[in-house]
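Q: The lines below spell out each chain.
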Amino acid sequence: MSDVLLSVRDMVVDFPTRHGLLRAVDHVSFDLSRGEVLGLVGESGAGKSITGAAIIGLIEPPGHISGGTVHLDGSRIDNLGMEEMRRIRGKRVGMVFQDPLTSLNPLYTIAKQLIQTIRTHLDLTEKQARARAIGLLEEVGIPAADKRIDDYPHQFSGGMRQRVVIALALCAGPELIIADEPTTALDVSVQSQIIDVLKRMCAEHGTAVILITHDMGVIAEAADRVAVLYSGRIAEIGPVREVIKQAKHPYTKGLMRSIPTLTQTNDRLTQIPGTMPRITDRPEGCAFAPRCGHVMDICRSQQPATRSVGNCEVACHLETEGGAS
Amino acid sequence: MIAFVIRRIIQSIIVIMVVGLVAFVMFRFVGDPVNQMVGLETSIADRELLREQLGLNQPLIVQYWHFISNAAQGDFGTSYQYRRPVSEILGERLPATLELALVSAIFAIAAGIPMGVYTALYRDSVLSNIFLTVSLIGISLPSFLVGILLIFIFSVHLQWLPSFGRGEVVDLGWWSTGLLTATGLKAIILPAITLGLFQMTLIMRLVRSEMMEVLRTDFVKFAKARGLKTRVVHFGHALKNTMIPVITITGLQFGSIIAFAIITETVFQWPGSGLLFLQAVQNVDVPIMAAYLLMIAFLFVLINLIVDVLYVVVDPRIRLEGS
Amino acid sequence: MSTDYQTNEAKSLLRRVLDSDIWYSFKKSKVTMVAAGVALIIFLAALLAPLLAPHNPFDLASLSLMDSLLPPSWTGMGDPRYLLGTDDQGRDVLSTILYGSRISIAVGLASVAFAAVLGITLGLVAGYMGGAVDAVIMRVADVQLSFPAILIALLIDGTISGLTGGVNREETAFTVLVISIGLSFWVQYARTVRSSTLVERDKEYVQAARLIGLHPFLIMLRHVLPNVMGPVLVIATINLALAIITEATLSFLGVGMPSTQPSLGTMIRIGNDFLFSGEWWITLFPGALLAVLVLAVNLLGDWLRDALNPKLR
Chain U
1 MSDVLLSVRD MVVDFPTRHG LLRAVDHVSF DLSRGEVLGL VGESGAGKSI
51 TGAAIIGLIE PPGHISGGTV HLDGSRIDNL GMEEMRRIRG KRVGMVFQDP
101 LTSLNPLYTI AKQLIQTIRT HLDLTEKQAR ARAIGLLEEV GIPAADKRID
151 DYPHQFSGGM RQRVVIALAL CAGPELIIAD EPTTALDVSV QSQIIDVLKR
201 MCAEHGTAVI LITHDMGVIA EAADRVAVLY SGRIAEIGPV REVIKQAKHP
251 YTKGLMRSIP TLTQTNDRLT QIPGTMPRIT DRPEGCAFAP RCGHVMDICR
301 SQQPATRSVG NCEVACHLET EGGAS
Chain X
1 MIAFVIRRII QSIIVIMVVG LVAFVMFRFV GDPVNQMVGL ETSIADRELL
51 REQLGLNQPL IVQYWHFISN AAQGDFGTSY QYRRPVSEIL GERLPATLEL
101 ALVSAIFAIA AGIPMGVYTA LYRDSVLSNI FLTVSLIGIS LPSFLVGILL
151 IFIFSVHLQW LPSFGRGEVV DLGWWSTGLL TATGLKAIIL PAITLGLFQM
201 TLIMRLVRSE MMEVLRTDFV KFAKARGLKT RVVHFGHALK NTMIPVITIT
251 GLQFGSIIAF AIITETVFQW PGSGLLFLQA VQNVDVPIMA AYLLMIAFLF
301 VLINLIVDVL YVVVDPRIRL EGS
Chain V
1 MSTDYQTNEA KSLLRRVLDS DIWYSFKKSK VTMVAAGVAL IIFLAALLAP
51 LLAPHNPFDL ASLSLMDSLL PPSWTGMGDP RYLLGTDDQG RDVLSTILYG
101 SRISIAVGLA SVAFAAVLGI TLGLVAGYMG GAVDAVIMRV ADVQLSFPAI
151 LIALLIDGTI SGLTGGVNRE ETAFTVLVIS IGLSFWVQYA RTVRSSTLVE
201 RDKEYVQAAR LIGLHPFLIM LRHVLPNVMG PVLVIATINL ALAIITEATL
251 SFLGVGMPST QPSLGTMIRI GNDFLFSGEW WITLFPGALL AVLVLAVNLL
301 GDWLRDALNP KLR
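Protein chains in written order, with the UniProt record's numbering: chain U, 1 to 325; chain X, 1 to 323; chain V, 1 to 313.
Derived from the structure by calculation, the hints contain no laboratory data. Note that this is a predicted model, so its numbers are computed, not measured. There's no promise every hint is true.
What the hints assert, rightly or not - Within a straight-line C-alpha distance of at most 16 angstroms, the following computed EDC-like cross-link-like pairs (lysine to aspartate or glutamate) qualify:
#: 1; chain 1: X; residue 1: K221; chain 2: U; residue 2: E60
#: 2; chain 1: U; residue 1: K112; chain 2: U; residue 2: E126
#: 3; chain 1: X; residue 1: K229; chain 2: U; residue 2: E83
#: 4; chain 1: U; residue 1: K127; chain 2: U; residue 2: D99
#: 5; chain 1: X; residue 1: K186; chain 2: X; residue 2: E168
#: 6; chain 1: X; residue 1: K221; chain 2: U; residue 2: D99
#: 7; chain 1: U; residue 1: K199; chain 2: U; residue 2: E36
#: 8; chain 1: X; residue 1: K229; chain 2: U; residue 2: D123
#: 9; chain 1: X; residue 1: K229; chain 2: U; residue 2: E84
With these hints in hand, go ahead and build the complete structure from the sequences.
A: In structure tokens:
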């Protein structure tokens, strides 16, 4: 496993509130290889975005990582000081946010924002940085990049802006990109273009990606592996094909059934009954138990441990009890 | 861009015309201009003659037009108290007020913006809490009370600074300035603080809330996520975006600084236009009241236009809209 | 009909109050509790001034110039009858402050009520009528908003005294102040109510009300008012502080309450003339009370704004 780029072990993120501590991320562990695309899926509030933000130390105070470790290329990064962490952000780990309309500073040209970022991390002259910036814009598919670089964000369309955002995230050549819902705010017609750009760029530069989304379609299209998050915990993690075709966790199964596909024209789309518990009143035992069709007594009292099943890892008592379905 | 400017100018003219109407109505109907200008012994026939000469028998719309066109040429009539042209008196008093307002505005901005930025960045620090407490007191203390307190401490007790007047002034053509003499500079300190304190707390609170808002935006988060230096994120990205609403409101505040000068000038017997206006109100000297109102309206409109231009310079979204 | 409407309004306000965790934030904020306590004490003291005050400053017969300009009693040079000293006419400063705060608060409350009624009415009319009426009202509001309230109050005050020829100043001072201050503060209410009215105007119940012969304006009043109670309450609280300051300022400038019926501002003006000769107590005691009163009301307004969190500009 020498090609492990990122290793997250038992990460816990807490938010103190006036109702007590909110555990937004609860003992999440996963590995990511170089150049690999890992999808993080789950409903809103499942802890996907917070997991992503925690990895590069951007949790909004008073929230904080209160347990576990994060290793990047073998060295620990979750306990670094602010300044050391800053040097990693952008340089080794880039980030793409959801809404390209608000991700760019409206008062500066694209050139200024790109060159500023490049020169923060790389020892280049203004001219060299500009050339690199134009090159990147061409790579992400912005026509007439050498002219458009001097435009302001509001002069670009939503899809074009997200391309600029990807160029900004990649401009110092990071080893990992964390893309937080990169297509959610875009028109359906440009969503797959942006996924293509992200995929192609990362493949060409050998960049690994953590793709955070609630859209299984995007995962199926772009990811190598997928981790399904439910109420701050990983329910199931494994190669995309296996998880989609042979989901093991009842929640993942339900999630897959709720995706429309061309082959299943006769089946009705099924909904999972109930809603995800708020992290304030997460039940004892398995968080999914109240909505699960296969719930057993043990599920209500004991939190399931994570077991390897084939290439996947699953946290469900059904797997430990020998698959009593 | 040009359409924008033209629209603004038309709006400004409407504002001036509305205020002009108010000033005219005051001028025409509050007290009888003729009675104010003549003595008790003047005969009714003479009064009628004067009425005719002044055009007071013409239709009101014509009178309004005369009033506005005279005002546009700087003719506001004759003061009832001083028996001199209003424009002359106002011209003598204006430099004192403008200097005071300018120094106050500089004080308010120079202290308010850094304090606002500091309290936004270090929300829970001791110094922030001190700033916020001071600002709350600054907003709650009426400015005349601030002036009295400053006089009590620095003039009565410590006897460091003068409590009234402008000190020595130097004439530069039609402009008389107190900023070039030692006594003049000393004299402006207390009035400027009194006048600027409220605006300073206002700017500080505004900068703080705007900055906190901007710090929560996606583009600041994205700038942080790109590993830009904290200093660059705070002052390059966040502060610049904060300044847009701050410029607008600070600019508009300059108009109210000039109006609030009425109080400060009274406390410190500062020989400016505000003191003149107050005395006019007390003596129902309507021509001065009307002229002062129009002057404030004109300054307000002028400042608005300057703010709009600044806005265009700072924000590319507006600058490039037309092109 | 009207009691029905009032209970509706009260219910809606109560629900709003509970929804916004208002009691939680009140109990959590010690500053707010202290401010509420201080404001309550000052209001009560002002209300009960005739019972609490050791002297009656308006009873000219009891005044003696022999007792004028006495320092506070604890300085050793004063008179034990006058705890906070006396002013230039021999009036007890403590009693005058109590009566003065009564006047200040009364002017403040009356002018806020006047401004609120005027603003709500004009806002409803502007929002409901639309068109030219709306344009005129809101244009006037815009222009007025760009001038500080104190300037407008001064102009109105000057105009009224010009029209009345300045006679009966002592009898009309209170009314003139309330009108001047009220007219300079109506804009915010009007804007809030207008935008809420615009939302309600096109709803079906308004059309329905017209069909059954009810005047839609009355129906709107019943539906718009509960919606804007929160913001109006916040504006009114913050305006109360501003109105008290404005009254004090006008009285200080000599166009407010006359020195025979001094408000806090009038007392500060009187005392200001004696500051240099060392009689600081005439100015500083009413000044301190004014500052504490305004600070307490401001703190309550701030808290109310955060707790009700209406969308305010």
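Q: With reference to the structure, classify each hint as holding or not holding.
A: The hints, checked one at a time:
1. X:K221 - U:E60: Judged against 16 angstroms, a Cα distance of about 10 angstroms means the pair holds.
2. U:K112 - U:E126: The given pair, whose Cα atoms are some 10 angstroms apart, holds under the 16 angstroms limit.
3. X:K229 - U:E83: Given pair K229 (chain X), E83 (chain U) holds - Cα atoms ~8 angstroms apart, limit 16 angstroms.
4. U:K127 - U:D99: violated, 30 angstroms
5. X:K186 - X:E168: Holds. K186 (chain X) to E168 (chain X) sits at ~10 angstroms (cutoff 16 angstroms).
6. X:K221 - U:D99: OK: K221 (chain X) and D99 (chain U) at ~12 angstroms, within 16 angstroms.
7. U:K199 - U:E36: Given pair K199 (chain U), E36 (chain U) holds - Cα atoms ~10 angstroms apart, limit 16 angstroms.
8. X:K229 - U:D123: Holds, because 15 angstroms separates the two Cα atoms, which is no more than 16 angstroms.
9. X:K229 - U:E84: holds, 11 angstroms
Figure legend: structure checked against the earlier numbered hints; the only hint not met is number 4.
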